[in-house]
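Trainee: Here's the letter readout for the chains.
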Amino acid sequence: MLEALFRPQSVAVVGASQDRSKIGNIILRNIIASGYRGKLYPINPRAGEIEGLKAFPAVSALGKGAVDLAVVAVPAPSVLEVARDCGEAGVKALVVISAGFKETGKEGLEREKELVAICRQYGMRLLGPNCVGVMDTHTPLNASFAAGFPHRGEIAFISQSGAMLVAILDWSVREGIGFSQFVSMGNKADLDETDLIEAAARDPHTKVILCYLEDIREGQRFLEVAERVTREKPVVVLKSGVSEAGAKAASSHTGALAGSNIAYDAAFRQAGVIRVTTMRELFDLAVVFARQPVPRGRRVAVVTNAGGPGIVTADSVERQGLEMARFSRETAEELRSRLPREASIFNPVDVLGDARVDRFQVAIEKVLADENVDGVLVLTCPTAVSDPEGVAKVMAELHARFPHKPMLGVFMGGETMAGGVEVLNRAGIPCFTFPELAVGALAGLVRYGAIQARPPKEEVPAYPDVRPGEVRRILERARQERRRALLSSEGAAVASAYGIPVAPIKLAQRAAEAVTIAAEYGYPVVLKVASPDILHKTDIGGVRMGLKTPEEIRQAFWDVMESATRHFPRANLYGVEVQKMYPKGVELIVGMTRDLQFGPLLAFGLGGIYVNLLKDVAFRLSWGLGLREVEAMIRETKAYDLLRGFRGEKPCDLKAVVDVVGRVARLVTDFPEIVELDINPVFAYPEGAVAVDVKITIG
Amino acid sequence: MGKLYFVGAAGSGKTAVALGLALHLRDRGVAVRYFKPVGNPPGAAGTGGDRDASLMQAVLALPFSPEELAPLTLGNYYLSTYRDHQACRRLVEAAYAKVSDGAEALLIDGAARPWAMAALGLDAFSLAREWKATLVYVLRPVSDRSLDEALFLAGCAREMGVKVAGVIFNDVPRVLLAKADGLYREILADRGLETLGVIPHQVELSAPTVAEFYEVLGGEILTGEDKLGNVVEDVLVGAMTLESALAYFRRSANKVVITGGDRTEIALAALETDIAALILTGGIYPDMKVIVRAAEKGVPVILVHHDTYTVINRLAEVSRVIRPGDERAISLAKEVVAAHCALDRLVSLAIEAHEA
Chain A
1 MLEALFRPQS VAVVGASQDR SKIGNIILRN IIASGYRGKL YPINPRAGEI
51 EGLKAFPAVS ALGKGAVDLA VVAVPAPSVL EVARDCGEAG VKALVVISAG
101 FKETGKEGLE REKELVAICR QYGMRLLGPN CVGVMDTHTP LNASFAAGFP
151 HRGEIAFISQ SGAMLVAILD WSVREGIGFS QFVSMGNKAD LDETDLIEAA
201 ARDPHTKVIL CYLEDIREGQ RFLEVAERVT REKPVVVLKS GVSEAGAKAA
251 SSHTGALAGS NIAYDAAFRQ AGVIRVTTMR ELFDLAVVFA RQPVPRGRRV
301 AVVTNAGGPG IVTADSVERQ GLEMARFSRE TAEELRSRLP REASIFNPVD
351 VLGDARVDRF QVAIEKVLAD ENVDGVLVLT CPTAVSDPEG VAKVMAELHA
401 RFPHKPMLGV FMGGETMAGG VEVLNRAGIP CFTFPELAVG ALAGLVRYGA
451 IQARPPKEEV PAYPDVRPGE VRRILERARQ ERRRALLSSE GAAVASAYGI
501 PVAPIKLAQR AAEAVTIAAE YGYPVVLKVA SPDILHKTDI GGVRMGLKTP
551 EEIRQAFWDV MESATRHFPR ANLYGVEVQK MYPKGVELIV GMTRDLQFGP
601 LLAFGLGGIY VNLLKDVAFR LSWGLGLREV EAMIRETKAY DLLRGFRGEK
651 PCDLKAVVDV VGRVARLVTD FPEIVELDIN PVFAYPEGAV AVDVKITIG
Chain B
1 MGKLYFVGAA GSGKTAVALG LALHLRDRGV AVRYFKPVGN PPGAAGTGGD
51 RDASLMQAVL ALPFSPEELA PLTLGNYYLS TYRDHQACRR LVEAAYAKVS
101 DGAEALLIDG AARPWAMAAL GLDAFSLARE WKATLVYVLR PVSDRSLDEA
151 LFLAGCAREM GVKVAGVIFN DVPRVLLAKA DGLYREILAD RGLETLGVIP
201 HQVELSAPTV AEFYEVLGGE ILTGEDKLGN VVEDVLVGAM TLESALAYFR
251 RSANKVVITG GDRTEIALAA LETDIAALIL TGGIYPDMKV IVRAAEKGVP
301 VILVHHDTYT VINRLAEVSR VIRPGDERAI SLAKEVVAAH CALDRLVSLA
351 IEAHEA
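Those protein sequence lines, which keep their order, are chains A and B. Each step along the first sequence adds one to the number in the working numbering, with nothing skipped, and position 251 is 251. Each step along the second sequence adds one to the number in the working numbering, with nothing skipped, and position 60 is 60.
Next up, chain B with everything else stripped away, as it sits in the complex (with noise of 0.2 Å):
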């Protein structure tokens, strides 16, 4: 059995490359199984565990719940409610034997951050030196900056004894495409890591919906229930004058605008244009008009109780995440692990067991 542990920031897409891979593993007829030690709290409006693991669980039709699949929760404040931490250690030891047991190949996703659970001794890349997992960063670039991230949690991964197989570019803004399948993978060539894919960046992969922001908001729905599947590609705030607001608007495409739950002038500009929600906030409840507005033209209105600068705060929280039931992802996130990715060492990684 192999096993491959995915790694990288929040929002980075491991799921989603982890995903891709396993449907062609299934496809090749490998049995993969998919583990994450540990998982993520649901958002404001959210409830149940993981929802990686839920995802992963019905795609791969595993036979094993949710909270086997992760078995922790990272809590801001886990050390306490984790009281007996060696009851926890022995938890995901449980999980992870019971999962493995039978795989031929075992894909681990990370947590949020690879050094998340340290304080136990459950980060990363503790748990895939004991696991003898290969390691794969996931890293979303935005700048020159952000290989030096690869770079450097991957050579700590190395002095921890953990084998570092390559990173995979995911969601490669377009200024940084040629850069990275040029002066980037030269760099890695250099200290012994391969390019493992260069994914460019699809709005349909990485854009949250409207749910996702509802799930991390909370608040009231107001109108447009059946349209939270809508896709957010840009948030803008509503807090310019009226006889700007137009022309601000128009500008981008499937956005959230966010605005006060008083600016009804703010709120029915927005709604001339191309938007996939409107956020109001304050815990103002909208001239009716503005929900008149919104219910003629399909738009979810969501009102909020924090002010419009805490709901900016939150949004950094917001990320894509492929549901169940979204096969057009799905499939996406498959084509996209063939077409960008060097699909075949990937498979072989996963299936081939190592003594690092």
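Excised from the complex, chain A in its bound form (with noise of 0.2 Å):
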């Protein structure tokens, strides 16, 4: 897939001029230096030769067929004419460099829309505008601007920053460390991250897979496909625009609002991406995962010869989320015999600050020989008698006997260390300055392990007693009235038709309709003021709870409007609601947000009136959501606690709330209208549950 990109048999370079500080011909003389091996032909309507290559006039002067790949380096509005004849001339992929498209304005969107629906239109794929272009190790292709080619490797890196892809170049050349593909996405137009996430799966010089991301253009697309491809392959993620400054400085970057951090955060979960914050993580990990195996668990040994650093390394393990590992009796045994008598032989294994090599390779190998040890960290601080290269040399052969156990080196110091460093560098074994970012790593790779080893994905439930012709019937109703907030009573009407037990409200335009409707329920019932303009009834006196008798209501409802009215002096009354009161069960809510990028994104945690202050919630979209899942995350609040019985309290329904957040993902995907739903409360019972207040709003 995407072979015209990465693997040309012949590529142009539109715009190629004899001019040195021109782009064209920096471009011309990176493919050149890179040793692309396939044709290559500069264009250029007025040139004979550059570069020592003969120059063309147009792409189509070279006949049909015979370009693969372009490379545009033309001014903006002489794209659109170039790109119509590469299309002519049956080219299959278009990489455009130029600038002047949708990031310019609207003349600049105009163009971009026309240059999509050009490449369309013949069948290219198009990579840009506005990018910096695209590197591959392996074919080897160097079809960008970027100063200078990175190491053969096994990441591919994926940016859509240009910046930030030539800065990290120039960083990894430096650092020794290898890539098979380098690509910067410019706008998007055409190909975006889960085309090139695709393409890097399938390339068999990649094992891992960079990103830096500031949005994801197509939701559902990126969750299905990163979904397949993290079992076979890891994918990392650096998604900026987190904090409120950062998603300004986004949206401002890239004409997208970013979604809710939060969706993000359950997407990648969801998908199977690991997710970084940090640069330095993002290429921690990925020299870990190309150059380590991924451990059978999360039980870590560790050998020093310094305790402090072993203390402060066990803490990190704890607090990253693997565990200290502890060995066999044997291996116990084996370290106590052959490790003087001070020397610590309990994890951390302490060889003591006199150790030589000789104790660090009895150390290392026993705990590598040990069943219960998943992966090694090797502390090294300079002492007297250390010995940083000849550790690195025992590290490096003990490497290679037991590759299926991941092993990196913490060489905590500077000179004195870099020629051990250096040794691990060529055995493929990361080594950092501090053992938190070792621990990190390793953590990393854990944390992979258990998602390619994660179930398949699970079936979503079908709930065959869904009655959607009801809630068209609602929903196309409000829409008449033009209406975005469904009334209570609309929103119980619509849960209940998916099967959601709630407590029945109905409508009363007159004082007399909610005395009649209350003889119908039974007293005690609520009343409350029925307005799609009025969101925090309670907060303006539009609530009014346990009323027993025909002249309460009464009452109760002119009280409730001149409220309503004095509050909100405009909001569209409907009149009020009247509800039969349920006793008081376990609080929970059940939200649902439709994120832009990846749709529902539901929320499950306490309820009632302390939701914002305890911020107890759970997220997960609704994509592929099963059963199981939806148990983990209920499993992930506190009120799960309240749920199986806090303090002698009987335990609640579990189930039937399961039941309820499934039906709501249910209903949230037959109905993409849908964009808002609150359930809150929903009240668990140790028999049941039923929701008692219902918001939808409607897109």
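It is worth saying that the hints were derived from the structure and are not from the lab. Don't take every hint at face value.
[Said to hold, decoys possible] Calculated from the model, a selection of chain B residues having no Cβ within reach of chain A, i.e. all distances over 12 Å: (1) S143; (2) Y309; (3) T310; (4) R328.
[Claimed, not checked] Not the full set, but computed from the structure, chain A residues with beta-carbon under 7 Å of chain B: (5) R111; (6) M324; (7) R326; (8) V460; (9) R484; (10) G599; (11) D616; (12) V617; (13) V675; (14) K695; (15) T697.
[Stated by the list, open to error] What follows is a list of derived Cβ distance ranges for each label pair: (16) A/T669 - B/W115: 26 to 36 Å; (17) B/R328 - A/R473: 23 to 33 Å; (18) A/P501 - B/E204: 51 to 61 Å; (19) B/G218 - A/E107: 52 to 62 Å; (20) A/R554 - B/E204: 53 to 63 Å.
The beta-carbon is built from N, C-alpha and C at its ideal position, and this holds for glycine as well.
Two chains, two frames, a set of hints: combine them into the complex.
Mentor: What follows is the structure, encoded as structure tokens:
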């Protein structure tokens, strides 16, 4: 897939120039310097020869099918004409370096739309516009204007920021980190992160896929593809724009509204994507994934020649969700017999400050051999007798003997460690200066192990008893009345049509009607003001509870109306809704907001008036959501502890709660026009659960 | 010739009712004319004279200029701009004589308030008494208190010797519909006033369009010039956190969102929802991405130099104006009068002269 982009048989550089300061010339020279072995054509209407190659006036002058990939670096107004020419000439992929598209305004937007239309018309794929270009070190091809070409390696890096890409490239060359592919996506007019992740997944030279993203263009497709890819190869994403300020910067950078950070978290988690928050982590993980095996479990052995750093490491291991391994008796006995009496033979293994290479050798070998150990961290501090290079060589030998267990080095120090670090680098053992980063990298490997081993995608429950026709009628009526917010009685009817048990509620437009409804339900009842414009009814005196007589109802009806108009003089009042009073259960909230990128984002947590204070909420996308995952979501919250029966209370009906969440997921999947939904509270009882207040907004 | 004088507060829908009735009169072969002694000045972006007069002139194809149909303009300093108060009065009377000449029914439209130009003796009640016009009070009720306004002013008019036919409730919110037709009607009847219509709230007739906002606020249209006809049903201020913005904006449709020009993310959130126009304040030219997104979605963006607070204050002046080319609103005005008013009664009031 995308062969023409990464492994073209022939490349044309449109806008190639004899002037060495021009982008077109730099790209041409980059392609030559990368050792590209296919055919290469400079395209320029005037020049006869550029960088020793014969130039052609247009791609079409080469004949149909002569060019697989065209790299375009001409001024924006000429790009459309070039694209048409390329299309006529049967070019398969375009990389448009030129800026002057959507990022510049309305005119640019129109130009970009047309560029995409031309590419679609001719079946060309398009990278960019407004990008740095594309590189593949195995082809090899450097079709970019970046300075330099990365070492050959197994990491694919896909970046939404061109500047980020060139900076990483420069850094990686010095660090000796190799890459398989480097892609700058630019405006993502056609090819986006999902296409490129899919391509990297199929690239035999790529082991790890790294992304720097500011937004995701097609959430659903991304989820589908990433869920599949992450079962084969790790995908690590640095998604920026997390903070309010960052989101602002990202939105002005890409022109897309950053979807909610919570939705991104849920999406990455459900698709098996590892999300990192710093660039350091991004590349630490990349290196570790490229060079070390995925461990079977989370038990870590630490071998050190210094007590303090060993303890710091042990702390970090626990904090980052790993475990300090407990050695078998045999291992402990071997270590006891072969290390000095003062050495600590329990984890962390302290071979002491006067240790030479032999003690490291014994300790590392024994812990690697222990079946209770899944991975090893080796710490060295500079001492009078330490021999970092010697330790590194031992590590290299042992890593070769135990290739299925990851081993990482922490060589704490500067100049004295350089030789050892060099040896480890050559042996493919990632080395860090401080323990936390090494533990973080190991934790990443462990996490990926769990991701890879996760059970296959769950079945989404079917719920054959749902009644979409009823829901459609209610939504249509609201739309006819030009309302976006449903009344509580309508919300309850919608939920009920999807099999969610609700506390009965009806609209009364006059006080007398309210009395009739109350008689039907039986006293006591609740009265709530009915208005799509009033969100927080309790706050404005719009709710009256525990009404026991017709007279109380009549009085409450007008009290509620007065209150409502006093607070919201222009609110559209429908009257009052009468609801049957239910006994209080464990108060839960089940909510949904439709994320712009990923669709329905469900929330579950502790309900009632403290929702905003306690923030005891777990989130999942409705995408691919099965009952196992719903239960996992519920278990994440403190509400779960309440449901299980806190301090001798009777446990609640967990199955009924799972059912409510599952049915809400189905409802919002069936009706894309439902953009917000909140059931607060849902009362959970030892038997069953009931939705008391259902708020729905339609788009 | 009969004369009906429509009086009511600004935005009560006097003109729409007069328009609807005028079309029915014309259908019945009555030579109907329209006259508005005291017109409105144009808004910040507007030019020309009174828009109601222009509308009626165009729809009824009246052989008079809008300046003849609405001879005076109610400026804030009208006592100074019309230095010669006697000339003022002569101007109105001349126009009135010319427009009413040969008419079988004359519909007179009131100013923004019935007492406008009382200093010159040109308030609605004085003129109605002088011209022996029958007064119809158009009331847009928002609560029980609104009824007081109609009762009190009708009482004043009678004290001054004006014949008052009754009240038309217009743009009635759902919750008051039953009440207007019941309790309000009874109270009016007790005072000898007829309920001549109860017209429910109609978004298409009462909601202003983006053009009306632009006329009041002025400013620069950055994109979406062709979408100024979008109907505006709600006004929201984008001053919340980004996190809550989307849910907030989603709750209302066909809205104008007012926010600072530098609040890129709020503007983008608003553009993801059903929006009629974006008004950016503070004179801060927005990020290019906002304009691009708005252009993609076909949403007008208006950049104004006032701050958000000032803009909100000025919104009180925005109300729906039916424009001559707005066939849908014009025919709706006619339908509504037939469906919800005592049409025959209004017609006979309009053509029968009286000697009050």
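Trainee: Please go over all the hints and tell whether each is borne out by the structure.
Mentor: Structure-based check of all given hints:
A beta-carbon of chain A is positioned within 12 Å of the beta-carbon of B/S143; the least distance is around 6 Å. Every Cβ of chain A is farther than 12 Å from the Cβ of B/Y309; the closest lies at roughly 19 Å, confirming the non-interface assignment. Non-interface call for B/T310 relative to chain A: holds, since the shortest CB-CB distance, roughly 21 Å, exceeds 12 Å. For B/R328, the shortest C-beta to C-beta distance to chain A comes to about 16 Å, beyond the 12 Å cut-off, and the non-interface label holds.
About 12 Å separates the beta-carbon of A/R111 from the nearest beta-carbon of chain B, more than 7 Å, and the hint is not met. Because the closest C-beta pair between A/M324 and chain B is about 39 Å apart, greater than 7 Å, the hint is violated. For A/R326, the suggested interface contact is broken, since its CB lies about 44 Å from the closest CB of chain B, more than 7 Å. The interface hint given for A/V460 is violated, since its Cβ lies 25 Å from the closest Cβ of chain B, which is over the 7 Å cut-off.
The closest approach between the C-beta of A/R484 and any C-beta of chain B is roughly 5 Å, which is under the 7 Å cut-off, so the hint is satisfied. Checking A/G599 against chain B: minimum C-beta separation of about 14 Å lies over 7 Å; hint violated. With its C-beta approaching chain B no nearer than about 17 Å, A/D616 sits outside the 7 Å limit, and its interface hint is violated. Taken as an interface hint, A/V617 does not check out: its beta carbon lies about 13 Å from the nearest beta carbon of chain B, beyond 7 Å.
Taken as an interface hint, A/V675 checks out: its beta carbon lies about 5 Å from the nearest beta carbon of chain B, inside 7 Å. Checking A/K695 against chain B: minimum C-beta separation of about 10 Å lies over 7 Å; hint violated. Using the Cβ-Cβ criterion of 7 Å, the hint placing A/T697 at the interface with chain B is satisfied: the shortest such distance is roughly 5 Å. Remark: the range hint 26 to 36 Å for A/T669 to B/W115 is contradicted by a beta-carbon distance near 59 Å.
For the hinted restraint 23 to 33 Å between B/R328 and A/R473, the CB-CB distance of approximately 27 Å keeps it satisfied. Take A/P501 and B/E204: their Cβ atoms lie about 40 Å apart, and the range 51 to 61 Å is violated. The hint said 52 to 62 Å for the Cβ distance between B/G218 and A/E107, and at roughly 26 Å that hint is violated. Hint check: A/R554 to B/E204, Cβ distance near 36 Å, so the stated range 53 to 63 Å is violated.
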